[in-house]
Amino acid sequence: IISGCDSTLTVLGMSAIISSIAHYLGLGILAFIGSTEEDDRRLGFVAPVLFFILALQTGLSGLRPEERLIRLSRNMCLLLTAVLHFIHGMTDPVLMSLSASHVSSFRRHFPVLFVSACLFILPVLLSYVLWHHYALNTWLFAVTAFCVELCLKVIVSLTVYTLFMIDGYYNVLWEKLDDYVYYVRSTGNIIEFIFGVVMFGNGAYTMMFESGSKIRACMMCLHAYFNIYLQAKNGWKTFMNRRTAVKKINSLPEIKGSRLQEIDDVCAICYHEFTTSARITPCNHYFHALCLRKWLYIQDTCPMCHQKVYIEDDIKDNSNISNNNGFIAPNENPEEVIREAAAESDRELNEDDSTDCDDDVQRERNGVIQHTGTAAEEFINDDTD
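The opening position of the sequence shown corresponds to residue -8 in the numbering used here, with each subsequent residue numbered one higher.
Check the hints yourself; a few may be wrong.
Said to hold, decoys possible - List time: in silico SDA-like cross-link candidates among lysine to any residue, alpha-carbon distance up to 25 Å:
1) 247 to 224
2) 205 to 11
3) 299 to 215
4) 205 to 32
5) 224 to 184
6) 167 to 150
7) 285 to 165
8) 239 to 268
9) 238 to 160
10) 239 to 184
11) 238 to 128
12) 285 to 205
13) 205 to 37
14) 299 to 230
15) 247 to 205
16) 247 to 261
17) 247 to 231
18) 224 to 147
19) 238 to 202
20) 285 to 60
21) 167 to 60
Just so you know, the hints here were simulated from the structure itself, not pulled from any lab data.
Values in this document were obtained by computation on a predicted structure and should not be read as measured data.
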């Protein structure tokens, strides 16, 4: 192993060996968990590139044999944590797919749950072994931080998976589910952002006081842009768009209780009955608040008639309510409702004006591809002594 890294050419050869091992490891895991995503087949490319850059950055081939073995073992620990992060990127979409589609087969769930458990146990074991054999330094701090981050990401994925499974088990509309998923995912993203900032500080300390290099400086710039700036920008944009959608929904009139029971119909989006409340659009169609909010993430027109959902501060609760089939609730004035319907039919339909918002559950796949594409900068940036 030592002689296999004594020159740039031999480092390339070892990178080729790592590429083959990582490629077949990735294919085996994909087959085991039942994933067919093409983007998840890049492990055989990411792992050798990361190993080669780490070797160049640390000057692996120019070290003495004893120092080279120590440096190689440290680089392999960083590479292992990077591979585990990439494998989590494979399993997370499968977990979300199984839970959201309410697949009940235990044989289908067991493989991905087993891999998730391994992704939680292996970082804990790795950190335990390293802390019992090495004193605290910047390299050990970086490896431990990556292990803790991976454990937290696994917990977030399993928590969202559990929420979806509970929702499918009870087979009733859980109007707060979207909020809970958003809170869990947002907490995970905030923690991931904090780890990114901490790793940047750890890399800056290493570059200034331990071993600075041009490659490390470039990797730190990439890490700061992709894992800190872009993540903060996208997270803030998602938060603002979601808050805007919630504000729009809350400005619409709401009906509850006996008034809701007088209208015998279902939500036109999810086809579930109204149990607690419904929101009424200006065109007198009504939906679950959760369903309408998800619709507004895509476009701001009514799902039934495609008229724009005008949100005005002076909207008042309209007593003339008809259901989605045009049925008028009892004790209503039919002539007034007909006049309003005729006036509405003369309006020009507006289509477009769609809002730019990332769906919270779609961020479940979000973030996974982007993170695996930029995670290498984190590990390269923190191959510290």
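Verification of the hints:
Between the alpha carbons of residue 247 and residue 224 the distance comes to roughly 38 Å, so the proposed pair goes past 25 Å and is violated. About 29 Å separates the Cα atoms of residue 205 and residue 11, which puts this hinted pair outside 25 Å; it is violated. For a cut-off of 25 Å, the pair hint linking residue 299 to residue 215 is broken: about 41 Å separates their Cα positions. Taking the CA atoms of residue 205 and residue 32, the gap is about 31 Å. The hint is violated against a cut of 25 Å.
For a cut-off of 25 Å, the pair hint linking residue 224 to residue 184 stands: about 11 Å separates their Cα positions. With a CA separation close to 15 Å, the supplied pair residue 167 and residue 150 stays within the 25 Å bound. With a C-alpha separation of about 14 Å, the suggested pairing of residue 285 with residue 165 holds against the 25 Å cut-off. Proximity of residue 239 to residue 268 is assessed by CA-CA distance (about 16 Å); at most 25 Å being required, the pair is judged to hold.
For the suggested pair residue 238 and residue 160, the alpha carbons sit about 31 Å apart, so the restraint of at most 25 Å is broken. For the suggested pair residue 239 and residue 184, the alpha carbons sit about 29 Å apart, so the restraint of at most 25 Å is broken. Between residue 238 and residue 128 the CA atoms are separated by roughly 48 Å; this puts the pair beyond 25 Å, and the hint is violated. Of the supplied pair hints, the one linking residue 285 and residue 205 is violated, its CA atoms being roughly 46 Å apart against a limit of 25 Å.
Taking the CA atoms of residue 205 and residue 37, the gap is about 21 Å. The hint holds against a cut of 25 Å. Annotation: proposed proximity of residue 299 to residue 230 holds, straight-line Cα distance about 23 Å (limit 25 Å). Taking the CA atoms of residue 247 and residue 205, the gap is about 64 Å. The hint is violated against a cut of 25 Å. Between residue 247 and residue 261 the alpha-carbon distance is near 18 Å, which keeps this suggested pair within the 25 Å criterion.
Distance hint between residue 247 and residue 231 is unfulfilled; the C-alpha atoms sit about 29 Å from each other, more than 25 Å. Taken as a hint, the residue 224 and residue 147 pair is honoured in the structure, with Cα atoms around 21 Å apart against an allowance of 25 Å. Between residue 238 and residue 202 the alpha-carbon distance is near 51 Å, which puts this suggested pair outside the 25 Å criterion. A hinted pair counts as satisfied when its Cα atoms are at most 25 Å apart, and residue 285 with residue 60 does not qualify at roughly 54 Å.
Only pairs whose Cα atoms come within 25 Å are accepted, and residue 167 paired with residue 60 is rejected, the gap being roughly 54 Å.
The structure fails to meet hints 1, 2, 3, 4, 9, 10, 11, 12, 15, 17, 19, 20 and 21 from the earlier list, while all remaining hints are met.
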